[in-house]
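Enquirer: Residues per chain, in single letters:
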Amino acid sequence: MESSIYSVVAFYGLALTILGAATLVVFVRNIVHSVLFLAVTFVAMAGLFLLLDADFIAAVQVLVYAGAVCIMVVFGIMLIQRADMKATNLFNKQLLAGGGLVALVVALCAVLAGRTAWTELVTAQEVPANTVQFIGTLLLSKYVIPFEVAALLLLVALVGAIVIARDEEVKANARD
Amino acid sequence: MPEISLTHYVVLSALLFSIGLFGVLTKRNAVAVLICIELMLNAVNINLVAFSKYITPADFIGQIFSIFVITVAAAEVGVGLAIIIAIYRNRLSVNLDDFDWLKW
Amino acid sequence: MLVEFAMQHAWLVPLLPACAFVVIVFLTRPWQKLSAIVAVGSMAMSCVIATLAAYGIFTNHEYIEKPLVYATRWFSLGLPGMPDLLVEVGVQLDPVSAMMMFMVSFIATFIYLYSIGYMEGEEGFSVFFSYLSLFGASMLLLVISSNLLQMFIAWELVGLCSYLLIGFYTHKVSAREAAKKAFVTCRIADFGLLLGLLSLQIIFGTLNLVELSDKIAHFEEYTTFGMITLIAVLVFIGPIGKSGQFPLHVWLPDAMEGPTPVSALIHAATMVVAGVYLVARTMFLFHEVPSAMQLVAVTGGFTAFFAATIAITQREIKRILAYSTVSQIGYMMLALGVGSLSAGLFHMWTHAFFKALMFLGAGSVLHALHHKADVWEMGGLVKKMPITAWTFVVGGLAIAGIPPFAGFWSKDEILVAALGGGHYVLFALAAFTAFLTAFYMWRMIFLAFFGEENPENHPHESPWVMTLPLVVLAAGAISVGWLGTPWHNIWGEWIRFGHPHHGPINYGAMIGSIVLAAAGIYLAYTLYLKDAKKKRARRMAEWFGPVYRMLYNKYYIDELYLWFNHALVDGTARLFYLFDIYVVDGIVNGIGAFARFSGDGLRVFQSGRLQNYVLVFFLGVLAVAVLMAFSGPSATSLLLGGVK
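Protein chains in written order, with UniProt numbering: chain A, 1 to 176; chain B, 1 to 104; chain C, 1 to 644.
Check the hints yourself; a few may be wrong.
Now the in silico label distances, taken between C-beta atoms and shown as ranges [as the list claims (entries may be wrong)]:
no., chain 1, residue 1, chain 2, residue 2, range
1, A, G99, B, H8, 50 to 56 Å
2, B, S5, A, G67, 29 to 35 Å
3, C, F576, B, D97, 52 to 58 Å
4, A, L121, B, D97, 20 to 26 Å
5, A, H33, B, H8, 25 to 31 Å
6, C, D600, A, I162, 41 to 47 Å
7, C, D600, A, L90, 31 to 37 Å
Hints are computed from structural coordinates only; laboratory data are not their basis.
Where is the CB? At the ideal position from N, CA and C, for every residue including glycine.
With the hints as constraints, model all of the structure from the sequences given.
Expert: This is the structure:
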């Protein structure tokens with residue numbers, strides 16, 4: 001498998017960025033800062049996708065996650081967090097229990113990752129250069145039904161979000 | 001020269017997933033919990049794309065699957081935020097410690 | 001022509017009163033007179049048909065030898081133990097049922113008529129007649145039944161009517177209690193009868209009377225002697241209850257709480273002799289088992305004596321008559337037990353007339369005295385109520401056994417039968433009972449109808465609807481015994497079990513019984529009429545103080561039953577109550593407490609907090625993942641429910 005020193009450096013750099021930013025997302029005490037670090041994580045992950053020869057996914061990652069989702073979350077915070085933004089993102093009482101569980105999950109993953117014979121699974125095949133073309137063809141041929149269902153899901157989520165979030169008074173007025 | 005293999009990506013994904021899970025379990029702010037769920041979903045995406053590259057490069061199953069994951073995640077964030085806003089409007093709080101509604 | 005019709009349509013006899021019951025209940029209840037007319041009319045028509053049918057039976061010798069049976073299939077079932085149970089309904093006409101059918105419908109007609117006068121102005125007049133009609137229908141159904149199941153159904157129906165009519169005055173607590181007592185006592189006895197009938201059905205495969213009598217004649221092919229004895233005893237338990245034999249006689253005196261026509265019809269003339277009738281019908285069964293016959297005879301003889309002794313001391317007119325009824329039915333049982341079906345049924349026949357007469361007479365007296373029942377407070381009624389008094393005297397002579405009145409002939413038959421069968425002890429008992437009977441009956445008559453008038457009473461003779469039945473029944477009480485005189489015993493030719501037998505005429509027994517009866521009447525005369533102050537009577541009661549009290553309290557049998565009830569039934573119930581409280585409730589409450597405490601323990605986990613649940617959920621996921629990762633494929637497939 002072709003690999004250069006750049007890709008190795010890039011991987012480690014991106015991986016550290018992702019993990020560091022994600023850790024900060026969890027640990028900072030201001031929710032707006034959390035969202036900022038979340039955006040950093042997403043962008044770094046887009047880089048990771050480029051490393052993995054998934055340029056379309058990388059583009060979607062930037063557009064959907066770093067763009068839409070982060071902005072939406074910020075808007076959500078703006079709607080519900082009116083007072084001081086300090087100390088808006090604290091831990092709850094089950095910090096230790098949660099930490100213990102996560103440690104167990106990590107341990108289990110480590111054991112399983114160690115037991116799995118990855119090299120046997122890996123093929124020597126290369127990813128085609130132009131992924132968008134293949135993804136587009138597959139989405140509208142083989143995976144057309146999931147594609148349409150996903151579209152429907154998005155519509156339902158859109159309508160549902162509007163209905164749920166709408167003000168009660170506005171609803172009452174609309175009924176009259 | 002150390003080579004970046006599938007194992008690296010899997011370990012990265014597991015760590016990211018764990019960080020996200022930790023956040024889901026321990027954060028008090030509902031929005032923060034939502035954000036951490038996004039982290040977990042992204043960890044899954046790393047796995048999917050990595051498997052796609054290393055195991056089935058020509059089939060694009062992993063990539064297409066991750067597209068669907070992203071779609072669902074976007075929808076989930078939208079609905080989740082709407083629910084949080086509705087709760088906030090009724091209770092003037094998004095602190096999950098204040099809510100014990102999951103029992104009768 | 002008419003006779004043929006009546007014999008072909010004998011099923012109309014019970015059907016007409018049944019129709020009357022339905023008509024009264026659903027249509028004519030608001031109109032009292034109309035209801036009464038419907039009841040009396042239907043019973044009179046039944047009586048006409050029954051008379052014609054009986055005439056047909058008795059004039060045609062063929063039917064006396066072979067019963068006339070019409071039966072049709074009702075339903076058939078296959079049950080465990082009874083593989084082909086065929087239940088029929090049918091009519092069996094033979095001399096016994098024809099006689100009984102005539103007797104019941106005849107007496108019922110006049111008692112219905114009498115009830116019009118007696119029940120006048122009472123609340124529930126129409127309802128009373130509907131019950132009476134239902135009773136008439138049930139009783140006649142019992143009489144003409146061609147199989148024992150049908151008979152049993154009618155048997156229970158008459159028990160129901162008895163219950164309804166005893167408790168007719170529902171506002172009286174004593175009436176309600178008496179009705180309950182009668183029903184429960186009879187039910188206890190009926191259980192024995194039911195067991196007996198089931199055994200017969202299981203062993204012989206039929207309850208049809210004709211088939212049963214054929215099969216039981218050689219029962220050895222079906223079962224053992226012990227079993228047949230058991231069945232006979234079980235069957236006899238039913239009559240013990242229904243006919244008020246010792247020790248289940250306790251309900252009958254209490255049953256006098258009902259209206260007097262009911263006492264006359266049900267508790268003297270018809271229903272209580274149903275037991276005698278049942279024994280007579282199943283004579284073929286008892287005939288095979290000498291010990292069962294012995295039991296019947298001894299029960300009857302003892303009851304006759306026992307009840308007569310109680311009757312001596314009682315004060316209420318209807319109670320005296322009730323104990324007299326118990327005693328007379330004892331006579332009938334005695335006769336059946338010593339093997340004389342003719343004598344037993346002959347006494348039933350004459351008894352029905354004179355006892356119904358006396359009850360109706362007593363009812364007339366009570367009607368006139370506004371239900372003042374104590375004979376010691378009456379006296380001299382003969383001047384104001386001549387018809388009632390003289391017909392009552394006729395009844396008294398008949399029951400005491402003075403010739404040529406009806407009771408003499410039948411009682412004489414019984415005494416002769418007991419003597420002829422070699423049952424000397426029973427004969428002596430029966431003879432002494434005859435003396436007692438004459439004494440207590442005439443004690444009552446002298447006290448109530450003769451002697452000085454009680455100035456507090458303002459009696460008056462009853463209306464014609466009440467006196468006409470008295471006169472008719474009095475005529476019956478005089479004459480019906482002539483059917484069975486020892487010189488020309490037509491009765492014995494007609495109604496018998498096996499071949500008719502003619503013993504030599506026993507003049508000694510005849511004269512002896514006349515002397516005993518006359519002695520009883522004379523003793524009553526000296527004690528209660530000649531001695532106007534009744535000093536000697538009182539002194540005798542004082543001399544025999546303990547005996548007197550024991551008799552007056554009816555041998556304390558009711559108290560014994562009550563004590564038994566308290567000690568055994570209530571005691572057992574208390575035991576079960578404790579068992580229920582501590583064991584059953586303990587288990588139930590223990591289960592409840594377990595659920596509560598475990599719930600208390602487990603509710604810690606149900607915090608209602610989202611993240612708490614997520615934590616537990618992931619713990620579960622982790623556990624499953626660990627199991628799947630570290631155990632073999634079989635455990636994995638178990639976890640996933642077979643999903644691969």
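Enquirer: Each hint should be assessed against the structure and marked as holding or not.
Expert: Taking the hints in turn, this is what the structure says about them:
1. At roughly 25 Å, the beta carbons of G99 (chain A) and H8 (chain B) sit outside the given window of 50 to 56 Å.
2. Checking the proposed 29 to 35 Å range against S5 (chain B) and G67 (chain A) shows it holds: the Cβ atoms sit about 31 Å from each other.
3. For the pair F576 (chain C) and D97 (chain B), the beta carbons lie near 56 Å from each other, so the given range of 52 to 58 Å is met.
4. At about 44 Å, the beta-carbon gap between L121 (chain A) and D97 (chain B) misses the expected band of 20 to 26 Å.
5. The hint said 25 to 31 Å for the Cβ distance between H33 (chain A) and H8 (chain B), and at roughly 29 Å that hint holds.
6. A beta carbon spacing of about 44 Å between D600 (chain C) and I162 (chain A) agrees with the range 41 to 47 Å that was offered as a hint.
7. Our hint of 31 to 37 Å for D600 (chain C) and L90 (chain A) holds, since their Cβ atoms are close to 32 Å apart.
Hints 1, 4 from the earlier list are contradicted by this structure; the remaining hints agree with it.
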